[in-house]
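Protein chains in written order, with the numbering used here: chain E, 1 to 169; chain U, 1 to 169; chain R, 1 to 169; chain X, 1 to 169.
A couple of the hints might just be wrong.
Just so you know, same-sequence chains aren't split out, so a pair can sit in one copy or run between any two.
[As the list claims (entries may be wrong)] Below, a list of computed lysine-lysine pairs in the BS3-like style, where the Cα atoms sit at most 30 Å apart:
{"id": "1", "residue 1": "Lys54", "residue 2": "Lys38"}
{"id": "2", "residue 1": "Lys54", "residue 2": "Lys151"}
{"id": "3", "residue 1": "Lys102", "residue 2": "Lys151"}
{"id": "4", "residue 1": "Lys54", "residue 2": "Lys102"}
{"id": "5", "residue 1": "Lys54", "residue 2": "Lys69"}
{"id": "6", "residue 1": "Lys93", "residue 2": "Lys54"}
These are calculated hints, taken from the structure and not from any lab test.
Protein chains: 4
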Amino acid sequence: MTDRSILVLTTGGTIDKNYFDALSEYQIVDSGIPALLKEARVALPFRVVEVCRKDSLELSEADRIAIAKAAREAPEAQIVITHGTDTMTETAKVLAAEVPGKTIVLTGALSPARFAETDAPFNLGMAFAAAQTCPPGVWIAMSGQVFDGLKVRKDREAGRFVGVEPKCT
Amino acid sequence: MTDRSILVLTTGGTIDKNYFDALSEYQIVDSGIPALLKEARVALPFRVVEVCRKDSLELSEADRIAIAKAAREAPEAQIVITHGTDTMTETAKVLAAEVPGKTIVLTGALSPARFAETDAPFNLGMAFAAAQTCPPGVWIAMSGQVFDGLKVRKDREAGRFVGVEPKCT
Amino acid sequence: MTDRSILVLTTGGTIDKNYFDALSEYQIVDSGIPALLKEARVALPFRVVEVCRKDSLELSEADRIAIAKAAREAPEAQIVITHGTDTMTETAKVLAAEVPGKTIVLTGALSPARFAETDAPFNLGMAFAAAQTCPPGVWIAMSGQVFDGLKVRKDREAGRFVGVEPKCT
Amino acid sequence: MTDRSILVLTTGGTIDKNYFDALSEYQIVDSGIPALLKEARVALPFRVVEVCRKDSLELSEADRIAIAKAAREAPEAQIVITHGTDTMTETAKVLAAEVPGKTIVLTGALSPARFAETDAPFNLGMAFAAAQTCPPGVWIAMSGQVFDGLKVRKDREAGRFVGVEPKCT
Numbered sequence: 001m002t003d004r005s006i007l008v009l010t011t012g013g014t015i016d017k018n019y020f021d022a023l024s025e026y027q028i029v030d031s032g033i034p035a036l037l038k039e040a041r042v043a044l045p046f047r048v049v050e051v052c053r054k055d056s057l058e059l060s061e062a063d064r065i066a067i068a069k070a071a072r073e074a075p076e077a078q079i080v081i082t083h084g085t086d087t088m089t090e091t092a093k094v095l096a097a098e099v100p101g102k103t104i105v106l107t108g109a110l111s112p113a114r115f116a117e118t119d120a121p122f123n124l125g126m127a128f129a130a131a132q133t134c135p136p137g138v139w140i141a142m143s144g145q146v147f148d149g150l151k152v153r154k155d156r157e158a159g160r161f162v163g164v165e166p167k168c169t
Numbered sequence: 001m002t003d004r005s006i007l008v009l010t011t012g013g014t015i016d017k018n019y020f021d022a023l024s025e026y027q028i029v030d031s032g033i034p035a036l037l038k039e040a041r042v043a044l045p046f047r048v049v050e051v052c053r054k055d056s057l058e059l060s061e062a063d064r065i066a067i068a069k070a071a072r073e074a075p076e077a078q079i080v081i082t083h084g085t086d087t088m089t090e091t092a093k094v095l096a097a098e099v100p101g102k103t104i105v106l107t108g109a110l111s112p113a114r115f116a117e118t119d120a121p122f123n124l125g126m127a128f129a130a131a132q133t134c135p136p137g138v139w140i141a142m143s144g145q146v147f148d149g150l151k152v153r154k155d156r157e158a159g160r161f162v163g164v165e166p167k168c169t
Numbered sequence: 001m002t003d004r005s006i007l008v009l010t011t012g013g014t015i016d017k018n019y020f021d022a023l024s025e026y027q028i029v030d031s032g033i034p035a036l037l038k039e040a041r042v043a044l045p046f047r048v049v050e051v052c053r054k055d056s057l058e059l060s061e062a063d064r065i066a067i068a069k070a071a072r073e074a075p076e077a078q079i080v081i082t083h084g085t086d087t088m089t090e091t092a093k094v095l096a097a098e099v100p101g102k103t104i105v106l107t108g109a110l111s112p113a114r115f116a117e118t119d120a121p122f123n124l125g126m127a128f129a130a131a132q133t134c135p136p137g138v139w140i141a142m143s144g145q146v147f148d149g150l151k152v153r154k155d156r157e158a159g160r161f162v163g164v165e166p167k168c169t
Numbered sequence: 001m002t003d004r005s006i007l008v009l010t011t012g013g014t015i016d017k018n019y020f021d022a023l024s025e026y027q028i029v030d031s032g033i034p035a036l037l038k039e040a041r042v043a044l045p046f047r048v049v050e051v052c053r054k055d056s057l058e059l060s061e062a063d064r065i066a067i068a069k070a071a072r073e074a075p076e077a078q079i080v081i082t083h084g085t086d087t088m089t090e091t092a093k094v095l096a097a098e099v100p101g102k103t104i105v106l107t108g109a110l111s112p113a114r115f116a117e118t119d120a121p122f123n124l125g126m127a128f129a130a131a132q133t134c135p136p137g138v139w140i141a142m143s144g145q146v147f148d149g150l151k152v153r154k155d156r157e158a159g160r161f162v163g164v165e166p167k168c169t
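Please construct the entire structure, taking both the sequences and the accompanying hints into account.
Right, dumping it as structure tokens:
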């Protein structure tokens, strides 16, 4: 694969939650990311690989190491990772330590992609662009901004990420 | 306004087309962009300003000069312009000549934002990210890619943009 | 087929209009009705048959006769017909004359089914229910009401149907 | 109010469930039914009154009596009740005993109205039509059918209602 390809790793999170009436609850299902990318008419070559299907509050250190391993061992140099927003910054730290030399952009959503009104497609678009335009490092694309992945936190009550902007020029 | 603010100029295009049953035809209406940005939970400061409401096949040189003027005279250094896709590259040339020193990202959509399935939010997300991460210059965010705005063309039949990737690192 | 089955005849209309960027216009496409019925989790047996794909302003008398013929010759006694709203009442007259002894409900939409916000699924639901609960005759389900198909007209400017309520009990 | 008006009583259920990221769970919120009726371009006079916001597994006998009281004391003779699907048939029994002389149609959805793909608008359309076309009694509009409210049950695993069709002609 050329360095033009983008790898998308899916790990779960709200973005992929669906409601199951028979269970009276929401569960993470097979990722809606491929469908979103098709709807977005993405013509750039890409792959989508599922690493796990977890709410990020349930990710263990071993899970984060597995996500980092998938990123490190892939041929692609530009990687988007969809992830639950609650512990996205934790995974960012592990990625920064474990995966040098690649542009990695974490994103997710506060509303499931299956909702009529959702931040999912916009966030995925931000991540896709940042994966192409940012220098190697770990970034987070949420709340309309591209953040340095190590200098941002989630303000859970406000439903937004706050932090330091990237210096990529 | 700080240089963290993003200016969004809307000019029309498919992204803002709506169907009017009483007229048996489509028309470009008040922009759906503000609603899309709200749905995307964008927390970065931004303004949305309508320049015109035209299918890009109907834009005159005077219209493109007006778009460039709005970009040049605004205080913001990071600008997203939503635009019809058919002559987006024409406007890019005028912007490159008329608006130095700013990061300008053109985007649009092949399906109206009002559709259930549309590339509009994803493209807008790409543009928002590119406006923050690309160096000064004119860029086009379409078909899942961020292009150098002067090195890209629209393949109308294929429904995609093809061109040269940006060198922003 | 038992008399529990419902036949859905599709003829075109706004309900099935889609926007084609490459042509800069809306066109009627393969019907979205099967997808709508699947999304609605309809468990009642039904068939969907396309009769034509026309804006109802373009339907000729021969077209209306063909629609009536399809309704008359089908084994089902309960029929829903999706149709452009502009001349729905014309087709209703032909059906009343040509197809005795069946419950036929015409419906359509003022916004294409492909739109995020559309009256299409609600109208289709009204028609499905009326096909089961109304006595033989021709009915029109639009604007939240079930009308006697021969005592209703479309107020184009107001975007609604006005008429006489059904007497089916 | 004339007997042309329709009263919509909302009680909760999946149809009105929304996902709250800050709580990592779903909750029933202010009803989406008014918005759905507006999107459906309903021109018939109607009122929407919230009785409660409960998953139907949590409804008590007192809740069902309260729903019946609201139906009985209203001036309208045609009533739609949106309700969780799990115990819809229980409420139907109470309504049949407590509210004579009115046409009451219960409906709900297996997917929240806020989803991009949902049975909510179709089911609401079925109920609106049945409220106008069925004789006095209690009916259930789900799974594409209008059932006698006392001769139907929910098959939870199959995600559909099964029962006896109405005899309303």
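Results for each hint:
1. Taking the closest pair of Cα atoms, Lys54 and Lys38 come within 30 Å of each other both inside a single copy (23 Å) and across two copies (27 Å).
2. Proximity of Lys54 to Lys151 under the C-alpha cut-off of 30 Å is restricted to the intra-copy arrangement: shortest distance 24 Å within a copy versus 41 Å between copies.
3. Proximity of Lys102 to Lys151 under the C-alpha cut-off of 30 Å is found in both arrangements, the shortest distances being 18 Å within a copy and 25 Å between copies.
4. When the C-alpha separation of Lys54 and Lys102 is checked against a cutoff of 30 Å, the pair qualifies only within one copy, where the shortest distance is 24 Å, while the shortest distance between copies is 41 Å.
5. With identical chains, the CA atoms of Lys54 and Lys69 are at most 30 Å apart within one copy only, with a shortest distance of 17 Å there and 45 Å across copies.
6. With identical chains, the CA atoms of Lys93 and Lys54 are at most 30 Å apart within one copy only, with a shortest distance of 18 Å there and 41 Å across copies.
Checked against the numbered hints given earlier, the structure satisfies every one of them.
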